[in-house]
Amino acid sequence: MTLTVPQNQETEAQILERLDRSPTLLDVRGLCVDYVTEAGNIRACDEIDLTLKRGEILGVAGESASGKSTLLNALGRLQRMPAATSAGSIWYHPGGDEPAVDLAALDEEELAPYRWTKVSVVMQSAMASLNPVIRLGEQFTDVIRTHDPRLGEKEAMAQAGDLLTMVGISRDRLTAFPFQLSGGMQQRALIALSLACDPDLVLMDEPTTAVDVVMQRQILDQVLAAQERLGFAVVFVTHDLSLLLEISDRIAIMYGGKIVEVGTAARLHHDAKHPYTRALRRAFPPLSEPVRRLSGIPGSPPDLLDLPSGCAFAPRCELAMPICHERPPELREIPQGRSACFITNGELDDAERARQQAAASGDHAPKGGESA
Amino acid sequence: MTIRALDGVDLTLYPGQISALVGESGSGKTTIARLFALIYRPTSGELLYNGTPIRVRGGRAERAYYRNVQLIYQDPFASLNGLKKIRTIISRVVKIHFPRLGRAGIRARAAELLERANMTPTSRYLDRYPTDLSGGQRQRVAIARALAVNPKVLLADEPTSMLDASIRLDVLNLLSDLRETEKVAVMYITHDIASARYLSDRINVMYGGKIIEAGSTESIISAPVHPYTKLLLSAAPDPARYKGSGKPTHEPIADSRPVDNTSDIRGCRFADRCPVAMPKCTSEDLPLFRSIRDSHTVQCWQAEDDADYERASSDRSRTPKNSAKKE
Amino acid sequence: ACGGGSDTETTSDPAGGSGARATEGTIDNDGILRIGATVATSNVFPENFNVFGGGDSAPGNALFWETLFRISSTDGSKLVPNLAESVEYTEGGKVATYVLRDDVTWNDGEKFTSKDVAFTYGFIFEEPGTTPDENGNLPWLAKAIETPDEKTVVVTYNEPQYTEDLPLSLYFPIYPEHIYKDLDRQNYQDRDPVGTGPGRLKKFAGQQIEIEIRDDYWGEIAPELTEVHLIPSGTAGNIESQITKGDVDWSQGGAPGVVTNFVTMEDHNGYYYYPDGSTRGIIMATHKGPTQDVAVRRALRAAADMSIVAEAAGIAYTVPSITGLDTGIYASMLKDEFKDPMTPDLEAAKKELADAGWTVNEAGNLEKDGTEHPLKLHIQNDNPAEMTTMPIVVDQWSKNLGLKVAFTPLPPDVFGPAQAKGDYELSLWTTNAAGGAFQAFTMYMHTKIYEIGDETADGNYGRWKMPQAANDAIMAITTTPPDQVDQITENCQILQQAVADEAPYIPVQSNGAGGMFTTKKWSGLKEASEIDYFPRVDGYNNLIRTVTDLTPSKA
Amino acid sequence: MPRSHRTWTGRLAGLSFLGQRLALYAIVAIASVLLNFILPRFMPGDPATQMIREITNRTGAPPSGYQTRLIKARYGDPDRPLALQFWDYISQLFKGDLGVSAQYYPITVTEMIGKALPWTLYLAIFSTILGWIVGTYLGARLGWKPGRRLDAIVTPVSMFFSSIPAFWLGLLIVWYFAYTHGWFPNQGAYDNSLDIDLLSPSFLLSVLHHGALPFFTLIIVGFARWLFSMRNMMITTVNEDYVQLARAKGLAQNRIRNRYAARNALLPNFTGLAQSMGGALTAVILAETVFIYPGIGSLLTGAQAARDYPVMQGVMLMVIFASLLFNFIADSVYVLLDPRTREAN
Amino acid sequence: MLKRFLLIGKVQVGLAIIAVFTLVAIFGPWFSSTVLAMSPQDVDYKHLTGGPPDSTHWLGTTSQGQDVLSWMLHGTRTSMLVGFASAIIGTVLTIVIGAWAGFSGGLADKILNGAILVFGNFPTFALLFIVAAAFQNANWLLVSIVIGGIEWAGGARQIRAQTMSLRGRDFTTALRTVGESRARIILVEVMPHLLGVISPLFLGLIAAGVNQQAALAFLGIGNPSEPSWGLMINWAMTQNALFRGLWWWFVPPGLALCLIGFATTMVNFGLDEITNPTLSSKRMKLMRIFLRDKARRAAAQAPQEVAAR
Ligand SMILES: Nc1ncnc2c1ncn2[C@@H]1O[C@H](COP(=O)(O)OP(=O)(O)OP(=O)(O)O)[C@@H](O)[C@H]1O
Ligand SMILES: Nc1ncnc2c1ncn2[C@@H]1O[C@H](COP(=O)(O)OP(=O)(O)OP(=O)(O)O)[C@@H](O)[C@H]1O
Ligand SMILES: [Mg+2]
Ligand SMILES: [Mg+2]
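Protein chains in written order, with my numbering: chain Z, 123 to 494; chain Y, 237 to 563; chain P, 53 to 607; chain R, 338 to 682; chain F, 98 to 406.
Heads up, a few of these hints could be off.
[To be verified] When the alpha-carbon atoms are kept at most 30 Å apart in a straight line, the in silico DSS-like pairs for lysine-lysine are as follows: (1) P/K255 <-> R/K482; (2) Y/K321 <-> Y/K466; (3) P/K403 <-> P/K517; (4) F/K143 <-> Y/K321; (5) P/K402 <-> F/K382; (6) P/K233 <-> P/K146; (7) P/K391 <-> P/K517; (8) P/K167 <-> P/K254; (9) R/K482 <-> F/K143; (10) P/K254 <-> P/K163; (11) F/K143 <-> P/K428; (12) P/K297 <-> R/K482; (13) P/K402 <-> P/K451; (14) P/K195 <-> P/K233; (15) P/K255 <-> P/K146; (16) F/K379 <-> R/K482.
Just so you know, the hints here were simulated from the structure itself, not pulled from any lab data. All values reported here derive from a predicted model rather than from experimental measurement.
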C-alpha cells in the first residue's frame with residue numbers, strides 16, 4: 123500500500139498563523155513530576171508550562187533522562203509507581219462553551235470519560251503495549267465499546283477492521299495475537315488503536331525508535347496522513363531532533379527536567395536560542411549539507427538528584443556566564459517561541475548581559491568537562 | 237530451518253580507511269562483523285587476511301588473529317564486565333598479548349591506552365567500574381581495550397546506536413582520529429546513513445544478506461543507483477528538510493515487509509518492494525555492475541542502461557568460491 | 053491386675069495397672085463390642101484372614117480360628133483343653149493321641165472332625181518319613197497322621213515331643229479341610245473365613261471389620277453381644293482418645309504414661325497389665341568386649357534400679373526376678389532367693405568391678421590394663437516404651453558407676469541383622485520366651501550357640517554358653533512329661549542359678565499384655581487371679597475367652 | 338492466510354508443545370521406574386531374608402520349613418541376573434501388577450494402592466486447588482494496590498504460614514482440635530460405622546468432617562506461596578505497558594484488573610501449580626501420617642516401618658506417575674490459556 | 098548491590114535469624130554442657146514423666162525426664178549441619194551442572210538439561226524417602242548427601258539459564274575476541290555474576306535441607322541417635338506427647354523449623370525487591386508518605402486560596 127506523502131508546503135509563517143488561529147487544546151501550568159525513590163525524590167519534570175493548540179504537532183526532544191517520557195505520561199495521567207505529579211495543572215479545553223477541566227486534579231473514575239476519546243497514547247514499545255494473550259480484535263473492540271456502549275460486537279469489530287486497513291494491515295489480522303505480527307505491524311496497529319475513539323490529542327513516545335529507518339518513515343507518513351485527515355493534535359517525543367524538525371509544527375527542547383526552549387522547526391533549525399539546542403542540532407550530521415567536523419556536547423547529562431544551583435546546562439555550556447551558575451533562568455516568551463537562557467530570554471537587560479558575558483570570557487572554557 | 241544471513245558477500249577493508257556498512261535491520265551487518273571476529277564461521281567461502289585465508293580454531297593462532305582484528309560492540313553496557321575495574325579490563329588484554337611487559341609496563345600501557353581513547357586524566361577512570369561511567373565513556377573504554385593489541389582492523393558494530401545524541405559524535409570522532417593516527421582499517425556498521433556519510437570513506441549498502449551497492453561515500457550519497465539505496469537515503473531524516481522549509485520530502489515508500497532470508501530466492505531480494513522491478517529481477521541471476529570511473533559497484537539491473545556501468549559478472553551467490561577478504 | 057465390672061469392687065494394684073473407677077456404664081449398649089486394633093500407622097486393613105499366608109493377616113482373626121489347646125496364664129503354662137478334650141503321650145512322648153470335642157461346628161454349618169486336624173497338622177509337619185535329609189535332620193513325623201474316628205487324631209513323631217503342643221497351641225489353629233483342601237493355602241487370600249470360633253465375618257467395611265457372633269458356637273458368649281467391630285487405632289494417643297470418648301471399648305497395649313494419663317482422664321477408663329511369662333532384658337555379649345568378663349556383666353546388672361525404670365515407663369509392667377522369670381507366673385518354680393523382683397546393689401557392683409581390675413576412666417569408659425572399652429546400648433527404635441526407659445538405664449549407669457554408655461536406638465533393619473551377628477555388646481531383646489520352664493531358657497541351649505557372624509542366633513545373641521549342668525537340665529525338661537512338675541521345677545532351678553551367677557542378661561521387664569478399656573458399655577474383665585488366659589486381642593483363644601467374660605454395663 | 342488454516346496450524350503447534358512435554362514425562366517415568374527397580378536391590382539384604390527375619394521377630398521363632406521355602410519362591414531368586422529381573426519387573430508393571438505386599442501377603446500392592454490412592458488424590462487435589470484459589474485470589478487483590486494496610490498485614494503473616502512444616506502444624510492442630518477439645522476426629526477419612534457410599538449425605542458429611550483438619554493444615558501451609566507469586570506477578574504486571582495502555586484506554590477498573598492484569602499474572606501461577614503437585618503430594622503424605630488418614634501416605638509410612646518394599650515401590654511409582662499426570666494436565670490447561678505456546682508463528 | 102541488599106529490613110531479619118541459628122549450632126552444645134550443665138541424655142528423676150518449663154528446665158522435660166532445651170541446642174547443631182552440608186553439596190552440584198550445561202551448549206547441554214528436567218519433574222521427596230530408607234540409620238552426612246544430591250535441579254535450571262544468557266552476553270564474546278581463554282572466562286569473569294543467583298539458592302537449600310531432614314526424621318528415617326528437630330517431633334509423637342499434652346516437647350523444634358523457613362522467605366523477598374524495584378516495600382512506603390504530604394499541603398492551601406479570594 124502506498125500513502126500520500128506529506129508535502130511540506132507550508133511556510134513557517136503559515137504554520138504560525140495556523141497555530142494562532144487554532145483554539146487552545148491543552149494548557150499545562152507549573153507541572154511538576156517526582157519519582158519517589160529510596161535515594162530521594164527525583165524531580166523529572168520541573169515547572170513545565172506548555173500550551174498546545176488543536177491540530178498542532180508538538181515535538182519534544184532532549185537527551186536521555188531529560189524527562190520527556192515523564193512529561194508525556196504526566197500529560198496522559200499515566201504515571202505509575204514511583205512517579206507522582208507533585209504540583210501543577212493540566213487544563214483541557216473541550217472546545218465549544220464547555221469550561222476547561224484540570225486533568226491533573228481528576229481521580230481515576232472522573233478521568234475515564236476523557237481517556238482515549240480525548241487523549242490517547244502510542245507507547246514506545248508496541249510489543250510490550252499490546253497484551254500478548256488477547257487477540258488484536260478484542261484489544262480494539264474493548265476500548266471502542268467502552269466508550270460507545272451502544273455499539274455491538276460486530277460493528278465494533280468492523281470499525282477495528284477499518285482502523286487496521288487505514289494503517290495498511292489487512293483486517294483478517296484482527297484474529298491474530300500480537301506476537302504473530304512483525305514489529306512494524308505491531309507499531310502500526312498501535313497507532314491505529316490510538317485513533318480508535320477519534321481523540322483530540324495523541325501522545326506519542328518514541329513510536330519509531332525500535333524500527334528501521336524505512337519502516338520509521340512509513341509509519342510517520344501514516345501518522346501524518348491520519349493527522350491531516352482527522353485533525354488531532356500530537357505530542358511527539360523522540361531523541362531524534364532531525365526527525366522532529368521534519369514533522370513538528372513546534373518543538374520543545376527539554377534538559378534536566380525543564381523545558382529550555384520552544385520554537386518552530388524553522389527557527390530551531392537556523393536560529394536556536396539556547397546553547398543546548400544548538401549543541402543538540404550539531405550532534406546530528408546532515409545528509410545533504412557539506413560534511414564538516416562536528417563535536418558532541420562535552421560533559422555528561424545532569425544528575426537530577428543533585429542539580430546545579432543555576433542553569434542545569436551551565437556546567438557543559440561554552441557560553442556560561444557567572445549568573446548561569448547562580449540561579450536558573452526563566453522560560454520566557456521570545457519571538458516565535460520561548461527560551462530559558464539568560465543570553466536570549468530577555469531576563470537580563472543588555473548591559474547586565476554584556477557584563478556577564480565579559481566575565482564569562484575571562485575564565486571562559488566550559489566547566490565540568492568530563493566529570494562523570 | 238536455515239537462515240541465509242549472508243549471501244555471497246565480497247567486502248574489502250583497507251588500512252587507514254573507514255568502510256561503512258549500512259542496511260536495514262536483519263540485513264546481515266552484525267553477521268559480517270562476527271564472521272570477521274571469528275565468532276561465526278562461514279558456511280561457504282573464505283576470509284582472507286592480508287591475502288591469506290584464515291583458518292584458525294582456538295588457541296594460539298586465534299590469539300594471533302585477534303592481535304590484528306578487534307571488534308567493538310554495539311552495547312557498551314553489555315560488552316564490559318560490570319564487576320571488573322577499568323584497569324583490570326584493559327590490562328588483562330595487554331597481559332594476554334604482551335605478557336613480557338611486566339607489571340609496571342602493563343600499568344603504563346593501560347594508562348596510555350585510555351589516553352588514546354581521550355579518557356583523560358586516566359587516573360580518574362582506571363579504578364572505577366564500568367557502572368560508574370556514562371555510555372560514551374564506556375564505549376571509549378571498549379575502544380581502548382580493542383586498541384590494546386595494536387590492531388590493524390577495527391570492526392565497529394553500531395558503536396553509537398546505544399548512545400545519547402550528545403555523546404555519539406565524540407565516539408565517531410575518536411574512530412575518525414584513529415584512522416589517521418593508527419592507520420587502522422575500520423569497518424563501521426550503522427543504520428544511520430547520515431553518520432556513515434559523516435565518518436566513512438566508503439559505504440557498502442546491504443540488503444538481505446548481500447552487498448547490493450558499494451562505492452565511495454560521495455558517489456553513494458550523490459549518485460545512488462540501487463533503488464534500495466535511494467530509498468534508504470530518502471527515508472533518512474534530514475534536518476535540512478525541516479517543516480516550513482518548503483523542501484519536498486521523500487518519495488512514497490512501498491509497503492515494507494522485512495526481508496525474508498529464509499526463502500531461497502533467485503535474483504533480487506528487494507524485487508517485491510522495488511518500485512521499478514522488472515520480471516527479470518527475479519527470473520534471472522543478478523549481475524554485478526561496476527562503474528567505469530571509480531570503484532562503485534551495484535547489483536541491480538538499473539545499472540544496465542547506465543552508461544557509467546559495465547557488467548562485471550553475474551550473481552555469484554550460487555557459486556561456492558566467494559570470499560570475503562581483508563587486505 | 054484387675055478388671056472393672058458392675059458387680060466387682062474396683063481395686064488398684066500398682067503392679068498390674070489400674071481399673072476403672074466408675075462401675076456403671078453411660079451409653080446405651082447396642083450389642084456391639086468395639087475393639088481397637090493396633091494397626092501401625094495405617095488403617096488400611098489387609099482383607100485377609102489366612103494366617104498361613106506369608107504376611108500379617110487382618111486383626112480379629114482370633115475370633116475365627118481356634119487351637120486344640122490353649123496355654124494357661126497360671127500354673128506354669130499348663131495346657132487347657134479347647135477344641136481337643138485331651139491329649140495322651142505314649143511311646144516315650146513319640147505318639148500323641150488327641151481326643152476332640154464333638155459339639156463343634158464350622159461357621160458354615162459343617163461339623164468339625166478329626167480330618168480337619170489331620171489336614172492342618174499335615175501341612176505344618178509336612179511329609180512323614182524316617183530317613184534324615186541332607187543336613188541330617190529327621191522329618192518331624194514318622195508316619196502320616198491317623199484319624200481312627202471323627203474324634204481321634206494320632207500323631208507319630210520321630211522323636212519325643214512332650215513340648216510340641218505349646219507352639220501348636222500358640223501359633224497353629226485348625227483349618228477347615230473342606231474349604232482349604234483344594235486351595236493354594238499359602239497364596240489364598242481368605243476374605244470369608246470359615247472357622248470354629250464364635251465369629252462370622254459380616255463385612256470388611258472401609259475402615260473397620262465387622263464380625264457377627266454366631267448362635268451355634270460351642271462355647272458360651274453373652275447373648276447381648278451380637279457383633280464385634282475391629283477399629284484401627286493409628287497411634288497410642290488415638291487409642292487412648294477413642295476409648296476415652298467411648299468410640300472403642302477395649303484395646304490391647306498401652307503407651308508410655310498410660311497409668312498416669314489415660315486412666316485418670318475418665319472414670320470409666322481402665323488399664324491392666326498381665327505378664328505372660330516372657331521377659332525383655334539387656335543381653336550382654338559373652339563373646340566380645342568387656343562384657344566377656346562376668347564381673348562386668350554382674351556389675352552392670354547390679355547398678356541399675358529397674359523399678360525406677362518401670363515406673364517411668366508408666367505401663368505398669370513388673371520387674372522380673374534376677375533369673376529373668378516373672379515372680380508371679382513362676383512363683384511356684386522360683387528358688388526362694390529369687391522369688392522377689394530384682395533389686396540393685398550398688399556397692400556390690402562397684403566391688404565386682406574393682407575386684408576384677410576394672411576402672412571407669414575420665415571419659416566414662418571401662419578401662420583395664422590401659423585399654424579403654426567404650427560401651428553402647430543398642431535398642432530397636434520402634435518400641436516407644438523402651439525408647440522411654442532405656443535412656444534412664446543409661447543414665448543410672450552414668451550416675452551410679454560414672455559409666456558413659458552410648459544410647460543407640462536403631463531401626464529394626466539395622467538392629468536385627470547386626471544383633472544376630474553378635475555385633476553388639478549390649479542390646480535389648482527378649483531374653484526369656486513365654487510358655488514354661490523349657491521355653492523360658494530355650495535360646496540358651498548349647499545347640500543354639502552360634503558362631504559370630506552367623507545371620508541367625510535363635511535369640512542367644514550374647515553367645516552365652518551355659519554351664520553343662522544347666523544344659524543338661526534343659527534337655528531333661530524336654531523329655532519330662534508335663535505332669536511331672538517337681539522334676540521340671542528342679543531342673544528349672546538349676547537354670548535359674550546359672551543365670552543368676554553368670555548374668556548373661558539384665559532382666560528389665562516382665563513382658564506381657566497390657567490393655568486399655570472403658571466400662572461405658574461393656575464390663576466384666578476379670579482379675580488375673582480369677583482367670584487362666586491373657587485378655588489380649590491377638591493370640592488365639594485369648595480373645596474369645598475375654599469376649600466370653602464381657603457383659604453389658606448397666607446404664 | 339485463511340482462518341481455518343491458521344487455527345489448524347495453531348492446534349498443531351499446541352500439540353507439538355504437549356508432545357514435547359509428553360516425551361519429557363515419558364523419560365521421567367522411565368527413569369523413575371528404573372530407580373524404583375534398582376534402589377531396593379542396593380539395600381542390605383534381599384527381600385526373602387528380610388521377610389524371614391521379619392517373621393522371626395514377630396513370632397519369636399523362625400518360620401517353619403514350608404514357610405521359608407514359600408517365601409524364597411515368592412520373592413525371587415536373588416541370584417537371577419539383574420537384566421532378567423528387570424525384564425520380569427517391567428512386564429509385570431505393564432500388566433498393572435505391582436507385586437504382592439510383603440507385610441500383608443498375599444494381598445496385591447495394586448489392591449492396597451487402589452484403596453488408598455483415591456483418598457490421597459482427594460486431599461492433594463482439593464487442598465492444592467483450594468489453596469491455589471485462595472492464594473491467587475488474595476494475591477491478585479493485594480498486588481493490584483500493593484503497600485496498603487491489608488497488604489502490610491497479610492503478606493508477612495502468610496510468609497510465616499508458608500514456612501510452617503505441614504506435619505508439625507498438623508500435630509498442633511490434632512493436639513488442639515482433636516485431643517484437647519475433641520471437635521474433630523483424629524483419624525480416618527470418614528466415620529468408622531459408615532460404608533463408602535458416594536450418594537449418601539451422611540457419608541459425604543462425614544468425609545468433610547474428617548477431612549476438615551487435613552485440609553485446613555494443607556491450605557494454611559500451601560496458600561501463601563501462591564499469594565506471593567500472584568501478588569508479585571500482579572505488581573509487575575500492573576506495571577507492564579499493556580496494562581498502562583488499558584488504563585489509558587479508560588476501560589473499567591474491573592476489566593483492567595481481571596482481563597488485563599490478573600489474567601496475565603496468572604500464567605506463571607499456573608505453571609507453578611503444575612510443578613507443585615509433586616510437592617503437594619509430599620505434604621499430603623506427611624500430613625496423612627499425622628492425621629492417620631487412610632491414603633498412600635499412611636500406606637507408605639506403614640510399609641516403611643514394616644520394610645514392605647513392594648508396597649513402598651508401588652506407592653513411589655504412583656506418586657511419581659500422579660505428579661507427572663498433574664504436570665501434564667496443567668500443561669494442557671496452560672496451552673489453552675497462553676496462545677503463545679499454542680499459536681507460535 | 099550487596100549493600101543495598103543488606104539494607105533491606107526483610108533481608109536483615111532473615112539473615113539475623115539464620116545467623117542466630119548458626120551461632121546456636123556452634124555454641125549450643127557447649128552452652129548446654131557448661132551453663133546448663135546438662136546433656137540431652139541426662140535424666141531428671143523428678144520429672145520422669147515429663148514436666149512443663151520451669152526454672153531448671155527452661156523448656157520443660159521429655160517423657161523420660163530429659164531436658165528439652167538441651168535437646169534443642171544439640172538438635173540445632175544436627176539440623177543446621179545437615180542444612181549447611183546439603184546446601185553446599187546441592188549448590189556445588191547446581192553450579193557445576195547448571196554452568197556446565199549453560200556454557201557448553203550442544204550435546205552436553207542437551208543431556209544435562211535432560212537430567213535437569215527429569216530431576217526437576219521428579220517428586221524429590223519421594224526419591225529422598227526411598228533413598229534415605231534404603232540407607233537405614235543414615236547419619237547426618239549421608240542424609241545431607243542424599244538431600245543435596247536430589248535438590249539441585251531447580252537451582253541448576255536457573256544457573257543454566259543465567260549462564261546461557263551470560264554466554265550470549267556481549268562481554269563474554271568480547272573477552273573471547275580479545276583472546277581470553279574459555280576456562281578463565283567462565284571461572285574468573287562469569288562466576289561472580291552468578292553469585293546473585295547462587296546466594297539465595299544456597300539459602301533456600303539450607304532451609305530445604307533442614308526441612309527435608311526434619312521430615313525424614315519425623316517419619317523415623319535417619320539416625321535416631323543424633324538429636325535433631327525432626328527426631329524430637331518424631332519421639333514426641335511416638336511417645337504419645339500429644340495425648341499427654343507435653344506440648345513443650347514438640348512445639349519448640351517445629352517453631353525452629355518455621356523460623357528457618359521464614360528467614361529464607363524473607364531473604365528471598367528482599368532479593369525480589371532488589372531485582373524488581375517495583376516490588377520494593379520501602380518504595381511503597383515512601384510513596385504513601387509522599388502522597389500523604391501532598392494531600393496535606395493541598396488541604397493547607399485550599400483555605401488560603403479561599404481567603405485570598
Ligand atoms: N521508574 C523510575 N524510577 C526512578 N526514576 C525514574 C524512573 N523512571 C524515570 N526515572 C528518572 O526520571 C528521569 C526522566 O526519565 P524519563 O524516562 O522521563 O526520560 P526520557 O527523557 O524519556 O529519557 P529516554 O530518552 O531515555 O526515554 C530520569 O532521570 C530517570 O532516571
Ligand atoms: N543467532 C541467530 N539465529 C538465527 N538467526 C540469526 C541469528 N543471528 C542473526 N540471524 C539472522 O541473520 C540475519 C542477519 O542478522 P544480523 O544480526 O547480521 O543483522 P543486522 O544487519 O546486524 O541487523 P541489526 O541492524 O538489527 O543489528 C537476520 O535475518 C537474523 O534474523
Ligand atoms: Mg523515554
Ligand atoms: Mg546488528
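When you check the alpha-carbon spacing of P/K255 and P/K146, does it fall within 30 Å? 43 Å, violated
Just to be careful, I want the Cα atoms of P/K402 and F/K382 compared with a cutoff of 30 Å; is the pair within it? 73 Å, violated
Taken at face value, is the distance from the CA of R/K482 to the CA of F/K379 at most 30 Å? 15 Å, holds
Checking one constraint from the list: CA of F/K143 to CA of P/K428, max 30 Å. Satisfied? Cα-Cα ~25 Å, so holds.
Restraint check for P/K195 with P/K233, where alpha carbons must lie at most 30 Å apart: Distance of about 20 Å is within 30 Å: holds.
Holds or violated: are the alpha carbons of P/K403 and P/K517 at most 30 Å from each other? 25 Å, holds
Holds or violated: P/K297 and R/K482, Cα atoms, limit 30 Å. 50 Å, violated
Given the hinted pair F/K143 and Y/K321, is their Cα-Cα distance within 30 Å? Between F/K143 and Y/K321 the Cα gap is close to 67 Å, so the pair fails against 30 Å, i.e. violated.
Does P/K146 sit within 30 Å of P/K233, going by the straight-line distance between their CA atoms? 27 Å, holds
Between Y/K321 and Y/K466, is the straight-line Cα distance small enough, at 30 Å or below? It is violated: about 45 Å lies between the C-alpha atoms, which goes past 30 Å.
Against the 30 Å threshold, does the CA-CA distance of P/K255 and R/K482 hold or violate the hint? 59 Å, violated
Against the 30 Å threshold, does the CA-CA distance of P/K402 and P/K451 hold or violate the hint? 12 Å, holds
Of the numbered hints given earlier, the model fails hints 1, 2, 4, 5, 9, 12 and 15; all others are met.
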